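Asks: From just these sequences and the hints, can you work out the full model?
The chain contents come next:
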Amino acid sequence: MLLNILLQEAATSGASIGYMGAAIGAGLAAIGAGIGIGRIGGSAMEGIARQPEASGKIQGAMLIVAAFVEAVALFGAVISLLVVLLK
Amino acid sequence: MKNISTRIIVLFLFLVAFVAPPTWAETPQEFSDDEPFNAGEMIMHHVADEHQWHFATIGHNHISLPLPVILYDTQKGLKIFSSGHFYHSADGTHEGYKMEHEHVTALDGAKVYDFSITKNVASLILSFVLLLSIFFTVAKSYKKRSGKSPKGLQSALEPIIIFIRDEVAKSNIGEKHYRRFTPYLLTLFFFIWINNMLGLVPGGANLTGNIAVTMTLALITFFIVNFNGKSAYWGHIFAMPGVPKWLLIIMTPVEIIGVFMKPFSLMVRLFANITAGHIILLSFLSMIFIFKSLAVSPAVAIFSIFINLIELLVAALQAYIFTVLTAAYIGAAVEEHHH
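In order, the protein sequence lines correspond to chains S and X. First residue of the first sequence? That's 1 in the numbering used here, and the numbers climb one at a time after it. First residue of the second sequence? That's 1 in the numbering used here, and the numbers climb one at a time after it.
It is possible that part of the hints are untrue.
[To be verified] Result set (SDA-like, lysine to any residue): computed pairs, CA atoms no more than 20 Å apart in a straight line:
| hint | chain 1 | residue 1 | chain 2 | residue 2 |
| --- | --- | --- | --- | --- |
| 1 | S | Lys-57 | X | Leu-317 |
| 2 | S | Lys-57 | X | Ser-171 |
| 3 | S | Lys-57 | X | Val-314 |
| 4 | X | Lys-262 | X | Gly-229 |
| 5 | S | Lys-57 | X | Val-324 |
| 6 | X | Lys-262 | S | Ala-67 |
| 7 | X | Lys-262 | S | Val-69 |
| 8 | S | Lys-57 | X | Phe-163 |
| 9 | X | Lys-262 | S | Ile-64 |
I should point out that these hints are in silico values taken from the structure, not numbers from a laboratory. Note that this is a predicted model, so its numbers are computed, not measured.
Replies: Listed below in structure tokens is the structure:
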């Protein structure tokens, strides 16, 4: 049913389905970042709870790994931006 | 909050946050009678490069600095003139050249190479002067006060420099080789950090959000890593030791792609983080103009301050990440064979 609607819309209105794809892609990238960084934060919290003296190191490592995960999500966002800007 | 001066500063910032956005939002005289507010265009215009340096718009006056346009026309040679001619002309043409969306073409179809001093180039020169002045001052005061305890700018930068030298360079590259690469790592860190911060200043240029700049930094890292690669490094790429032959058919192409993907990811990571941060901040501020109401401004102001603080963190963090990863790649390249 949904496929039917999508195909009909693609046939009649041309490129605008590309915009929808780009927006959905950016949203999925955000979900990916959220899940990844959430898990990192969760493990960091557990680590600090187990050993409060190590909280400085754990915080530092958490921030660095979060930046890596964020970078991958931003790759996705950049590609969506390219789709919209380069038509 | 202990003393009165801290309380005054906090109160001042709080009031500024409430008063400032509506004051700036009062400008739309030109927006309401010329054309409707186009948020996307405004944001793209702010993060992209341009041939003038636009500081502010007060009423109908644009406060901007027209920068020199330097063109090399393959037929007519070098042409240098002020970009004010382009911006103040009626149709965007001057002396046979046309500028459309900051892209210069020759009206007679000749190939034109654009070497202009654009906003990003001017910001690069400014940050270069800033970096040189800071670090030559610090170096001079080390020489002048050798043997004595550090004072002033020296004592502010010394912990950071020692951190990069010990935690980043020495621990990733190793005791034997780290001295050779520490100057590059320090330059990288401070260059990226200072340029990220300059981009956050109102009226600043988005230099590290320019993919050409990040590509240059990543390219330099790529050349340094690969020209300093020892035989163990190349051995790990083309024939990873301890791996059965049939698996090497898959692993070797993957490793070769990895050689190129690592600097590529450095480039995209810095570019995307900085540009995305600016776009988020500008989008929040545009909300006031999109809703055309003063009532949105307190919420927008608070969100904008919050995002701006996150951007300050991201500025330092992305500089650190770029440096740490470069150090890790260099460390992998110069690692001795020790199996």
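Asks: Take the hints in turn and mark each one as holding or not.
Replies: Hint-by-hint comparison with the structure:
1. S:Lys-57 <-> X:Leu-317: holds, 15 Å
2. S:Lys-57 <-> X:Ser-171: Since the Cα atoms of Lys-57 (chain S) and Ser-171 (chain X) sit roughly 15 Å apart, the hinted pair holds (cutoff 20 Å).
3. S:Lys-57 <-> X:Val-314: holds, 19 Å
4. X:Lys-262 <-> X:Gly-229: holds, 15 Å
5. S:Lys-57 <-> X:Val-324: holds, 16 Å
6. X:Lys-262 <-> S:Ala-67: holds, 15 Å
7. X:Lys-262 <-> S:Val-69: Holds, because 15 Å separates the two Cα atoms, which is no more than 20 Å.
8. S:Lys-57 <-> X:Phe-163: Holds - the C-alpha atoms of Phe-163 (chain X) and Lys-57 (chain S) are around 14 Å apart, at most 20 Å.
9. X:Lys-262 <-> S:Ile-64: Distance of about 17 Å is within 20 Å: holds.
Of the numbered hints stated above, none is contradicted by the structure.
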